[in-house]
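Kindly produce the complete structure, drawing on both the sequences and the hints.
Letter by letter, the chains look like this.
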Amino acid sequence: MSVRHAVLGLLAQRPRHGYELRAAFQALVGGEKNWDVKPAQIYTTLARLEQGGLVVEDGVEQDAGPEKRIFALTPPGRQALQEWFANGIEPEHQHDEFFLKLMIGLVSGVADPYRLIHTQRMHLYQELHDLTEQRGQADPGRELANILLFDKAIMHVEADIRWLDMIEARLDDIRRQPLPEPDTKPRGRPKKIWGLPG
Amino acid sequence: MSLIQADKLTKVYGTGDTAVVALDHVDLTVNPGEFVAVMGPSGCGKSTLLHLLGGLDRPSEGNVSIDGQPLAKMPDNALTQLRRRKIGFVFQFFNLIPILSSVENASLPLLLDGANSAQTKQKATEWLTKVGLEHRLASRPDQLSAGQQQRVAIARALITDPVLVLADEPTGNLDTKSADEIAALLKQVAKTWGRAVLMVTHDPRIAAYADRIVFLKDGKVVNETHLANGGDGAKQPAGQESSQTLAVSM
Numbered sequence: 419m420s421v422r423h424a425v426l427g428l429l430a431q432r433p434r435h436g437y438e439l440r441a442a443f444q445a446l447v448g449g450e451k452n453w454d455v456k457p458a459q460i461y462t463t464l465a466r467l468e469q470g471g472l473v474v475e476d477g478v479e480q481d482a483g484p485e486k487r488i489f490a491l492t493p494p495g496r497q498a499l500q501e502w503f504a505n506g507i508e509p510e511h512q513h514d515e516f517f518l519k520l521m522i523g524l525v526s527g528v529a530d531p532y533r534l535i536h537t538q539r540m541h542l543y544q545e546l547h548d549l550t551e552q553r554g555q556a557d558p559g560r561e562l563a564n565i566l567l568f569d570k571a572i573m574h575v576e577a578d579i580r581w582l583d584m585i586e587a588r589l590d591d592i593r594r595q596p597l598p599e600p601d602t603k604p605r606g607r608p609k610k611i612w613g614l615p616g
Numbered sequence: 406m407s408l409i410q411a412d413k414l415t416k417v418y419g420t421g422d423t424a425v426v427a428l429d430h431v432d433l434t435v436n437p438g439e440f441v442a443v444m445g446p447s448g449c450g451k452s453t454l455l456h457l458l459g460g461l462d463r464p465s466e467g468n469v470s471i472d473g474q475p476l477a478k479m480p481d482n483a484l485t486q487l488r489r490r491k492i493g494f495v496f497q498f499f500n501l502i503p504i505l506s507s508v509e510n511a512s513l514p515l516l517l518d519g520a521n522s523a524q525t526k527q528k529a530t531e532w533l534t535k536v537g538l539e540h541r542l543a544s545r546p547d548q549l550s551a552g553q554q555q556r557v558a559i560a561r562a563l564i565t566d567p568v569l570v571l572a573d574e575p576t577g578n579l580d581t582k583s584a585d586e587i588a589a590l591l592k593q594v595a596k597t598w599g600r601a602v603l604m605v606t607h608d609p610r611i612a613a614y615a616d617r618i619v620f621l622k623d624g625k626v627v628n629e630t631h632l633a634n635g636g637d638g639a640k641q642p643a644g645q646e647s648s649q650t651l652a653v654s655m
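Heads up: the protein sequence lines correspond to chains R and F, in order. Numbering-wise (my numbering), the first sequence opens with residue 419 and increments by one. Numbering-wise (my numbering), the second sequence opens with residue 406 and increments by one.
Derived by calculation from the structure, the hints in this document are not laboratory data. Please note that the accuracy of each hint is not assured.
Said to hold, decoys possible - With a straight-line cut-off of 30 Å between C-alpha atoms, the simulated DSBU-like cross-links for lysine-lysine are:
hint : chain 1 : residue 1 : chain 2 : residue 2
1    : F       : 413       : F       : 596
2    : F       : 478       : R       : 519
3    : F       : 535       : F       : 625
4    : F       : 413       : R       : 570
To be verified - Just a sample of chain R residues kept apart from chain F, beta carbon distances all over 10 Å, derived:
hint : residue
5    : 500
6    : 576
7    : 579
8    : 590
9    : 602
No residue lacks a Cβ here, since even glycine has one placed at the ideal position from N, Cα and C.
Following this line, the structure appears as structure tokens:
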């Protein structure tokens with residue numbers, strides 16, 4: 419996915435070899451702690467891009483160690499990069515464990531859903547507080563990548579808190595509904611029921 | 406000693422069948438240097454609480470002490486004086502005087518209290534500099550951004566050297582970035598300048614700057630949470646979690 423486009427973009431800046439690409443990537447995202455890309459991933463990505471004709475070898479650098487192949491962007495590579503820039507990115511919707519906990523709480527009847535919301539809310543406020551503290555300590559002059567990611571994380575936690583408020587406001591309505599049950603499909607061969615008109 | 410000590414604070418508007426309980430036996434203490442956020446849905450009693458704590462209104466039942474002084478039996482003129490000298494107010498719509506410069510706006514509380522004008526001007530300049538407006542001293546409100554106007558209002562709130570700052574939705578009229586800057590500034594008011602700060606907000610992101618959040622619902626405190634500082638070490642901005650691993654940092 420996006421590592422491939424990052425490689426194309428970094429090659430649009432200038433031709434580089436794999437080792438340089440990885441270093442440039444890590445510097446840009448604010449370090450491995452934010453987004454760790456292993457060298458192997460860079461090399462496989464380069465190999466695939468080369469196969470697809472999006473990058474091409476542009477000389478070899480030979481210093482003390484083994485020789486390093488330098489890659490450059492081809493016109494189709496530039497085209498692929500432009501397409502990436504031209505289109506929106508699908509947001510990542512991950513499975514939400516709290517959602518699952520709430521539903522299991524409702525069907526099992528062993529947890530008070532208001533309590534579940536409360537516990538989660540306190541947890542999220544603490545998380546939001548910690549993120550805000552760290553965001554405040556990040557140096558805007560040097561840590562742009564971290565600040566952008568902290569902002570994103572903060573906004574996401576904020577959205578989760580608002581979502582909890584909404585669940586809480588709707589909880590009584592939700593509880594009046596029958597709980598979702600699987601469609602009951604008879605297992606095995608359908609039994610013939612005698613006595614019913616065909 | 407607590408700076409705010411509120412016991413069983415109750416406010417009922419109206420009487421008989423039409424009586425509305427805006428605040429229902431609320432206990433609250435706030436210490437010097439503490440930054441407390443009060444949250445809750447509209448009509449939960451947040452503003453009523455702020456008015457009672459600021460001596461702008463009197464409770465139907467219960468007591469408030471500010472800096473050791475019980476407000477209950479205080480005559481109106483003493484209450485006005487306490488409000489003017491011990492409490493700074495910050496509002497959602499800044500409440501600046503349009504024809505006055507930043508320095509003049511920030512000076513108002515001291516001038517109203519009969520202070521010497523040269524000293525007041527110097528003090529206003531100092532506080533405006535501390536809140537980051539040294540380059541906008543002569544600007545009128547309409548020449549300032551919303552965030553800058555709120556900074557002037559904060560300088561105005563601090564000029565009397567109050568022990569307590571009460572802020573009513575201070576970021577409610579600001580864009581996201583200015584809102585965060587103002588929240589950070591209010592935190593500084595508590596942490597660096599040692600004032601107690603009580604802020605009413607409905608914005609979780611802004612409340613998260615505080616040391617403690619008090620949740621109000623239907624006039625009652627339904628929950629109170631202390632936000633621990635640096636308890637579990639630095640967390641990562643969990644921005645990306647696809648196939649990449651999120652290494653845990655120190």
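Any hints this thing doesn't respect? Which numbers, in order?
2, 3, 4, 6 and 7
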